[in-house]
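Colleague: What follows is the residue order along each chain.
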Amino acid sequence: MTLNSASPRRLDRILDSLWHACSAPQMLMLLMALLAGTLALAAAFPQQPPGLEGAALERWLATTAGGYRGTGTFLRAIGAFQLLSSPWTRTILAALAFNLALRVVAQARVVSRQWHSPGILPAPPGLPAQFATLPGSLDAALACAEAVLRPGASRVAVEHDATRGQVYACGCRPGVLGPLLTYLGGLLILAGLLVNDTVGWQASDIALAPGSATTLTQPGNLRVTLNDTGGSGGAFPASVTLEQASMGRTVAVALTHPARWGNIWLSLQATGPALAVTATGSDSRPLLLQSLAPGGEVNQTLHVLFQETQGEQVFAIPTRNLAFRVVSYPALPERGIERPVFLIEGYRGADTTPAFSELVEDRASFLVDGISLTVRRDYFVTLEVAYLPGLLLLLLGCMSMLTGVTLVAYRGPVRAWIGMAADREAVAVAVRTAGRAGSERETERLLQALEARSAGTEPVHGD
Amino acid sequence: MEIDGLIWLATAALLLVGGALGLVVIRRKRLGLLLVFLAAGLVGILAGLGWRTWQADAWPGTTAAETLGMLAGGALAVTAWVTLRSTAPASPQEHPIPVAAAMIEAGLLVGAGAMLSWRESPVTVPLARSGLFGLCGILMSVGLGGWLPALAASTLWSLGSVLARPHAGLSRPQIASSASDPGRVAALFSFPWLTAVGLVGMMWNLAAHTTVVQIVPGDLWCIIAWLTGGIYLHATSGWRPLPLPPWLATVLAAVTAAAAVLAALSAPTVL
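Respectively, the protein sequence lines represent chains G and S.
Throughout the first sequence, residue numbering follows the numbering used here, covering 272 to 734 in sequence.
Throughout the second sequence, residue numbering follows the numbering used here, covering 928 to 1198 in sequence.
It is possible that part of the hints are untrue.
The following residues of chain G were derived to be distant from chain S, with all beta-carbon distances above 12 angstroms [said to hold, decoys possible]:
1) Ala307
2) Pro396
3) Ala587
4) Ala657
5) Glu713
Reference listing, derived: stretches of chain S covered by chain G, where coverage requires no fewer than 3 residues with Cβ under 8 angstroms from a Cβ of chain G [what the hints assert, rightly or not]:
6) 1032-1042
7) 1063-1077
8) 1166-1179
Hints were generated in silico from the structure; no laboratory data involved.
The beta carbon of each residue, even a glycine, is placed where N, CA and C say it ideally should be.
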C-alpha cells in the first residue's frame, strides 16, 4: 500500500520537474541562443536556395563548394551549405515549439490568476526588497500603504491579522496579456513555418516570353502562361494565366505587386529584352526554329531571351542549315544609335564568315537564301511562384507577437507588495515591486512616499 | 567625396566631439548642451540620407553606407527618447555619460558610413522604391539602433558595479543583478520596432520575392539580433528576476549590438 502510493508521488515529482525544466525561461534562452548561433553560421556560408532540387541542386552545391578550394568538400560533407534544413536546426525548432507551448499554458494560468484571483498573489522569487520602519500602529501603516498604492493601480488588496499585514497593488491590466500573446505568436510562427516547409513549395527563375507557358514540376503541376509582359522595367503589370486541375485564373503582376490565387503567390522578379523571330520559306510556309541554348525550345515562333548575364544568343533553322547569332546592345554610340539595338548575323553551315549582318532596333524583315526572316523587339519576364499554405498562421503569429511585445514594452504590468509586521510602537515594512524596468527605483520611490505619508498622517491617527 | 559624405563626416566629428565633452567636461546637470549636439547629429544624418534618397530616387537602404547612417540615426533617436524620459522623476537614468557614450558609438558609425559613401554612390534599385521597403528601413533603424544606447548604458553600469571606487557620474547599483541593468530601458523601447520589422519585412519579402524570409545575411542577422535581444530582455526581466550576473546582460547587449551592425552592413543583400 505504501509502495503503491509512493510510486505515483515520485512519478508526479519527476513529471513536475520535467515540466518546470522544459518550460523554464532559462530553457527558452538556451534554445534561442542555439538558434541564433546556427543562423550566424548560416549567414557566414551561402545557403541552398529554396526550390532547387535534383541536378540543379547538385550543380549549385558543386559550384559553391568549389569556391572554398580545399575546405569546400569538407564544408559540403558537414552540411554547412544546407544548415537551415539540417536535422540540427529542425531539432532546435521542435524543442523551441515545445518550450513555447508549455510557456503559453503557464502564462495562461498566470493571466487567469491575475484577472480572477481576489486575494494577494505571491511575489515572484528573487524579487529584491527594500526595508524601512514606520512609526505608529499596523492599521495606520496599512492605510498609508493602501493610499500610496491606490493611484494608478487597477486593483489593491489588503490582508492582515493582529500583528502582520500585506498590501498588494497591480496596474496596467492589458499588459498582463503581453507575455502570453508573445509566446503564442512564436508558436504560431513556428507552426506556419512547419506547414510551409512540409506542404509548400517554391519555383524560381521562370523566364517567359509573351505567349509561352511552362508547367511546374512541383506538386499540383501548376501551368503558368504569360499573356503579356506589360512592357519593359516591370512598371506596368504583366498578365499571367495560372491553371491547375482544370481551374484557372488570369492575374496581373508587377514589380513589388505580387499576384495571389488562393495560397499560390506569384511575383515578378525582372524583365529583359527578347527578340521574337519567325521564318517562312519561299512557299510562304512557316519554318521550325530552334534555340541553341541548353534546353532551348523548337517552335515556329521563337523568343530569344537575354537574361541578366546573357548578352549573346544563338538559334538555327535546322532544315535550311542556317545558324544565327544575336547580340543585344544597350546602345551603339559609335554607329549613332543611342537606344537598345540587336546585331543579327547569319551563318551558312560550317562557314565562319557571316552570310549577312544587320542591326535591328524595333522590327525588320530580311531575305536570306530564299527564307523570309521577320524579327521584332519584345520583352520577357522572370517570375517566381510559391505555394504558401502556412502564410495565414505566420501573419497571425507575427501580429500576436507584435501586440504582445508592444504590451510588454509600453504597457507592461507594474505590481507592488508591501509586507508589514508590527513591532511594539513601530511597523517593519518590506517593499517589493515588479515592473518593466528600473524596479528598484520604483521600490525606492514607494518607500519614500510611504515614509513621508506615514510621518504626515501619524498625528491624525494618534488623535 | 560627394555632399552626403562631407555632411556625414562633419556629423561624425560633431558627435565625437559632443560625446567626448560629455565624458570629460560636461558631467552632471549639463544634459541640455549634450542634447543640442545630439539633435545636430540627428539632423546631419537625416540631411545625408535625404541627399542620397534624392540622388537615387528610391528609399535609403540600398548601400551599406546608408544603412550605417540609418542605424546611427536610430541610435540617436532612441538615446534622445530615453534621455528625455529620464528627466522625469523616479527614472533610472539621469547622468549624461551613457548619452555621451551612445553619441560616440553613433559618431563612429556615421564616420564609417561617410567612408563607405566615398566608394558607394547612391544606387537606383527599382525594388527600393516600394513603400514597404521604406517602412522596413525606418522600423529597422530604431529597432536595431536602440541596442547601441542599451550597450552603452549596460557597459557603464556593469563597469560601475565592478569598480570598487565609483566614478563620478556612474550610478552604482544597489543590487548587483542583471535585472537592474539600465540598458533595458532603451532595449525595451526598441524591441517592438524590431519585432515590427519581422511583420513588415515578411510582407516586403512576399511582395518582392514570393517568400516569407530570404536566406541572405541581411535577413539572417536581423533575426539573430531579434533572438539575442529577446534573450537579453529575459535575462534583465524585472517581473521575474533571474539569478544572473550583471556582466552576462552586458555581454548579451554587446552581442545584440554587434548583430545589429552586421545586419545593417548586410541589409542591401535583401534586394
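Colleague: State the violated hints by number, sorted upward, taking the hints as numbered earlier in the document.
Modeller: The structure conflicts with hints 1, 2, 4, 5, 6 and 7, although it agrees with all the remaining ones.
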